[in-house]
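**Student:** Okay, here's what each chain looks like letter by letter:
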Amino acid sequence: MLQDLSFEVSRGEFVLVLGASGAGKSTLGLCLNGIVPHVQGATEGELIVAAHRVREWPVSTLGSKVGIIFQDVESQLCMLYVRDEVAFGPENLRIPSAEVEQRVSDALQFVGLQGYENKFVFELSGGQKQKVAIASVLAMRPEILFLDEPTANLDPRSTNELVDLIGRLRRDHTILIFENKVDQLAGIADRLLVLDGGRLAFDGPVREVLEEHGDTLVNELGVWIPQVSEVELGLRRRKHVRSAVFPLSLNEAVEQYAPLNFRGEPARTSAPRPVIALKPTIEVDRVGFRYDDGTVALRDVSFNIRQGEKVAIVGPNGSGKTTISKHFTGLLKPTSGRVLIDGADTHKLSTRDLARRIGFVFQNPEHQFVRDSVRDEVAFSLRIGGMDEAEIARRVDHEIEIFNLKGLEDRHPFSLSGGERRRLSVATMIIAHPEVLVLDEPTYGQDKSNTVRMMDSLFKALAEDEAVQEITLILVTHDMKLVAGYAERAIVMRQGRVAFDGPTSQLFLDPDLLRDTNLEYPPLFELSRALRDRGAMVPASLLRPEDFVASVRALQAIEP
Amino acid sequence: MRMTMQYYRANTVMHRMDALTKFLWIILLGVLGFTISDPLMLAALVLALVFVTFGLGRLPAGMVLRMGFYFFPLSLAAGFFQMVIRSHGTTVLAHLGPLAVTSGGLQFGAVFGLRIMLIAFASLIFVWTTDPRDLIVSIIYLRVPYRIAYAVFVALRFVPLLENEAAVIREAQSVRGVEQVHGRIESLKRYVLPLLLSAIRKSENTAVAMDSRAFGAFPTRTYIKEFRWTASGIIFLMTFAAAGAILIYAAALRGNLYER
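Same order as they appear, the protein sequences are chains U and H. First residue of the first sequence: 1, per the working numbering; consecutive thereafter. First residue of the second sequence: 1, per the working numbering; consecutive thereafter.
Since the hints were made in silico from the structure, they are not lab data. Check the hints yourself; a few may be wrong.
[What the hints assert, rightly or not] In silico DSSO-like links for lysine-lysine, alpha-carbon gap of 30 Å or less:
no.	chain 1	residue 1	chain 2	residue 2
1	U	K181	U	K310
2	H	K225	U	K65
3	H	K225	U	K333
4	U	K326	H	K189
5	H	K202	U	K65
Work out the full structure, taking the sequences as your base and the hints as a guide.
**Tutor:** Here's what the structure looks like:
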């Protein structure tokens, strides 16, 4: 998993570790706290943590030197009550119970969950669970903290709270953090380690590494870097504009870009395709929905989605966005009101009918696999449609090509990597030529290269195949970068109601709405707004790095 | 059904009582139930449990009735079955086709049904009012190694997670239109594979996370909550024991002990 890795981290350093999936990030974490090699696996070479050779540690020091916060927060919490969860580590270390109690209350206080001692862990929100996980590690009083994608499944507000918390933790801890969402962290970290295929690709101060190797990171290693840094790289490459300080955070970018000249009009690199059809594919008519346990998930929700629209349904966790999207496939039927697909009530349509018209890619793609090879998986929906084998083979080859799955045809779907599985699951849906494709949290746990490859493949499939050119695409997500990048229209859900429905660019003009719904601006929108406040003539609708770069006038001196 | 067989969180006499006393209480009821064979006395015990459920445990009627909906017909059916196959006794009360219902059979059926009801009801009260955390604490007090006690506890915690996962898999597959092509065996296979994979992955993650928090590093550990016998529990148990003694005495006088 890891090969020939050498680096040193000094006490008190805050190190951001980047790497695409499979780069060896998680394994490194297990080595640092001694699980490898004491509990599983084997190591060569020497790892010295807090002046001790890890290989010679007694297992009992596990956790008291290095605390790990794992990526899968759901399965790292093992107790019923918050108090027991936080006490679990110190109890294992045989700390006297009075002191354990003290540590529990200190740790909960630190993460801002005082008063939650007797709550059930499973009742907490994702952000609160993440905080409990941090508290339960802090209670063991480690010197070094190791966080593995702590914000992966958090909505934007919880992400901000967690970044604040990490900022406070760095005062007393050495921190290593792996993250795909780097926009806020890059600015506060001291140092950047980039892993690639188990090896160390780059190591140095964050600014230096991003300035010198940013393009390599984005294009070759497939990792996310802050969007403001992407803008800077784009400006240097295409506009010969070079900031004195390579920006890592919003504030730095504002400082650097305030003096630039902008074109007054938005210069979009790709104008959204106008919606031609007026025929609504999906009509949601005063829909209410109550789960069996009495939870009211939707109240009086109404909107139409027209054929060919690219819509994002956004909202914080628990806002009803997944519930409403399940109504499109008939997985849920409204308690009151109606959902119409092409004018027909879902109450009257069979699952089979709906499955033919609506493709739905679940958050966890492997749940949808029903065959033993990639080829059969892709062919599945055509076979149940009774198409002749020659035609099936032709279409399957085409999809496999487009979704970059060539060479994997005979593999079992479960043996694929995360990114490949996700592309496979989209391919299995697209091949049946559905009228609507719903993607539920498509970027969850995905690195940059996987996300971009999936979305690129999807749009390529749409462009190349006439039968799906007019497909209606629905993204269910709280990833605002995805919304800004791919959706023309946004529907914001809040507490089971529609809080906003309109063009994506309009969504970001309503600061109250975003605050109330725990959503946030995409970093670039924040940037252009801050620049306008400084008097720069920046167009309002810049949501993507390439839009921003395109809107900057090249420097006079360099223009021919 | 899912929430009805689980711990119901509240703060009542029954909830505060220690788990071991409650466990002894179930054993006591078991002994009483199988020594006394007077239907009226057994009915009185069941009534006492009704009082324990609502008076002491303040459990919600809806939840109790929903469980009763499963167990009441079950005990009735068992009682009825016993009634028609036990044909001793002198007086024939009625004929059900080839079967005769005798007075002895009727009494035995009633006793049998009430016994099942008594034990099931008491066990449910235990499940509803006992915090799983108190249960581990008591098991460890009985000198079961903590690693085993916690392993069982954590494994139980996975059940609802997996139930959830199974529901998601069913939805995810139905969207692909599997119903139309798969037979029973095939769909079971399609179901089990992702479920198993996810169970293995989850349990691996949990095990590593527990290890990194020093679980099992020492042969013993400390506890912020230790087992303690409760006074209310002892009074509760003694009350039932005394009442039970009186019932057994009365049953012995009337010749209603150990009837087979």
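**Student:** Mind checking the alpha carbons of K181(U) and K310(U) for me, to see if they're no more than 30 Å apart?
**Tutor:** holds (24 Å)
**Student:** Taking 30 Å as the top limit, are the C-alpha atoms of K225(H) and K333(U) close enough?
**Tutor:** violated (46 Å)
**Student:** For K225(H) and K65(U), compute the direct alpha-carbon distance and say whether it is at most 30 Å.
**Tutor:** OK: K225(H) and K65(U) at ~26 Å, within 30 Å.
**Student:** Regarding the pair K202(H) and K65(U), is the alpha-carbon distance no greater than 30 Å?
**Tutor:** holds (25 Å)
**Student:** Would the hint linking K326(U) and K189(H) be met if the CA-CA limit is 30 Å?
**Tutor:** holds (25 Å)
Hint 3 alone, counting from the list given before, is not met by this structure.
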